[in-house]
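A.B. asks: Chain residues, written in single-letter form:
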Amino acid sequence: MGPEVLKDINFSIAPRSFQYLTGPSGAGKTTLIRLILMALKPTRGLVHLFGQDVSRLEATTLTDFRRKMGVVFQDFRLLDHLTVYENVALPLRVLGKEEAGYRAEVVELLRWVGLGERMHAVPSVLSGGEKQRAAIARALISRPQLLLADEPTGNVDPGLGRRLLRLFMELQTLGTAVVIATHDLALMEQYDAPRLVLADGHLHVDA
Amino acid sequence: MSTPDWRAEPAEQDEEDEGFVQPKSRLPVNLRRDQPLVPVDTVAGRALVVVIAILTFLAALSAGGALMAARASEQWRGAVANEMTIQVRPDPRRNIEADLARAAELARAVPGVASVRAVPRTESDKLLEPWLGAGLDLIELPVPRLIVLRLNAAAASDLVAFSQTLRREVPSATLDDHRLWVRRLSTMANTIILAGVAIVMLVLVAAALAVAFATRGAMAGSRDSVEVLHLVGADDEFIAREFQNRFITLGLRGGGAGGLAAVVVIALLGWLASAWSATPEADQLQAMFGAFEIGWSGYGVVVLVAVIVAAIAGLVSRVTVRHYLKAMS
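Taken in sequence, the protein lines are chains A and B.
Everything in the first sequence is counted per our numbering, starting at 10 for the first residue and increasing by one.
Everything in the second sequence is counted per our numbering, starting at 30 for the first residue and increasing by one.
Same shape as in the complex, but just chain B:
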């Protein structure tokens, strides 16, 4: 069977055909408008973009919070794990300087202790300044004194034995090895991280459900278009791909907007925190929670969340469409 060729053999023209076959003109260069073949109702599409943007914003903030907690936790561990302090309490019956020297001497004898530094009186007083204010004469106050021990990470120390020796030799001194605090802070940080991850997962599930419902709505609204596409030779794979592309675009738009909003909010909070950091309260907060910043990796995570949301939008719409088309046939 030969195929029709309207290029080689134009339609026969007669009087009636006047104006039917038109003169050739130059070929337009921008014929295709790149319209999606399956129209997603613009109002529903916009609503979905807003929902995805809000969900991405929440997920990105949760991920950023979790990341910040992880970084702070890492900082605490790095700062305190290799450090111990001996606290020598003032006792009117004892000479605190002698106790301090004896405790430092005992500490130096412990294997694994790299350095021992008795914090001078002026420095200890300075530690109290944020609470008591500057310019006070603290000489009359029973201010405890501190000895800071730096541990050699490689060598193991028998801290229990050292603690008992210290208590026996210098009754007013106690050893604080910080591990309890590190443990508690780590547990708290891990809880925050887990909660952050759980929120991200829940938000992703919510985004997937929103896209699934939106896809079903779009399919129902495009039933005629889908049938026409079938009858002009489109297979299910092609139609699913069209829907998928459409929803990936919507997902990227929503995810991008939500991610951008999250980045702006985090950056703004970071800027506010740094502007506020001159105050002693901010110093305390920073010591506790670390700097209010998520770094480039944090921003990377926010972008990743937005991309994952878009990918989920595409995947879920594809699966939903395939399921729907199967049911239709």
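This is chain A alone, in the form it adopts within the complex:
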């Protein structure tokens, strides 16, 4: 077992809240997000999600929890062989929903994030900003209770970064708890919100 990346961390995320998760590169922001997503198991300690301890749950029972969360990966992680539309519709498709039932909703969301004309494109021909928005749309389509976004403005110009931030704020007002992992101070200065600051494996809340 290697050194502990995160230790003595204690925090909670309230419903409909908005917060930044920040800290220098390599501080463990992505690790913390992966812990919340249950893509990693903590070596010790507890992770409570939606009122239940999930740190010791079997992998097969994690699916229901994951369906309540949306995630925007730093590297987008769109499936390259699927179109933008198919990527965004993925969370609904894995629920076994009929395509006819969600088509209008997906198209509407794609237009909302400005990808209405790019829905047939595959990720390889999209710009960084378009990929980012597709990844965000995929995270939103299932109307999650918690949205985790890892460096969502890391690959876009400041103008688009501001627009994306506004998108997340809008989501929060519509009822989703939002956690944005970023080390972009300029972004955080645009909208004041509590900051979960990670440094040397420890976390403190900067309200």
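Selected chain A positions facing chain B (Cβ under 8 Å, derived; list incomplete):
| no. | residue |
| --- | --- |
| 1 | 48 |
| 2 | 69 |
| 3 | 75 |
| 4 | 76 |
| 5 | 80 |
| 6 | 86 |
| 7 | 90 |
| 8 | 95 |
| 9 | 99 |
| 10 | 100 |
| 11 | 103 |
| 12 | 104 |
| 13 | 151 |
Simulated from the structure, these hints should not be mistaken for lab results.
Where a beta carbon is used, it is the ideal one built from N, C-alpha and C, also for glycine.
For chain A, the structure is supplied; the task is to place chain B on it using the hints.
C.D. replies: Relative to chain A, chain B alone:
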């Protein structure tokens, strides 16, 4: 907690958002391209289709061969089981016609014998024609004569006693009840059938192994996709089903191609056999092995083999994926 509704409440637009929210247009009708969620590398996929096609072709040919042997064996049994022959050999010290008549008379007295027919001389000579050629005067040759007995299937006959009586009364006559031949031919046919079934089973196992390895390769290549699917809410069952559907499609494609090739080859051989059937050699072969055709049931078996191969491809990939996902978690 209320849910976000981008349909009722579009994003607030300001100057910066120009071009971000686009005007509504008519909904495209063919959005989904039905792409499988887990891509199976096309080169590996094509290779697997070819392997499955070859294996199905071999399995279908083996199954067809076994079926043909079974049909031929059935024909022999039906044709000879209810028939016996008495062979009367020419003996210069005896009158062959008198022996023939005496043997026929003895045969008629045996219970269970339905009919007795002494094969006329001209007919016996004709039987030798394929070997000796037509137009020969065989009167000088010591050609044996035959009496064909048809047995009543329902009644039991004491053939051992009849054989002894015949030998005693007509020393130049022997009874051939064909059962030894039927037994030998049946054993041979059963061996062919068993070998055919064994080959089909081996080929199915080979197909299963090929699919298992291909699935593992596809899983390793799709590790990222699988993780994304997990994180957007797919459970193991869903992912296994996606792989299974993909491999059933590949299995059906390979199985279909192999099965079709087998059907074409069997039909072609059947056509060649019928074109060749005018020759005496072909008549002999047909008498021995039956007609070179597998019938509709045979073609049904070939299709069944292809379907089984596809089903095995789906099942094996599913089991492999579940196993792999368990190991991953």
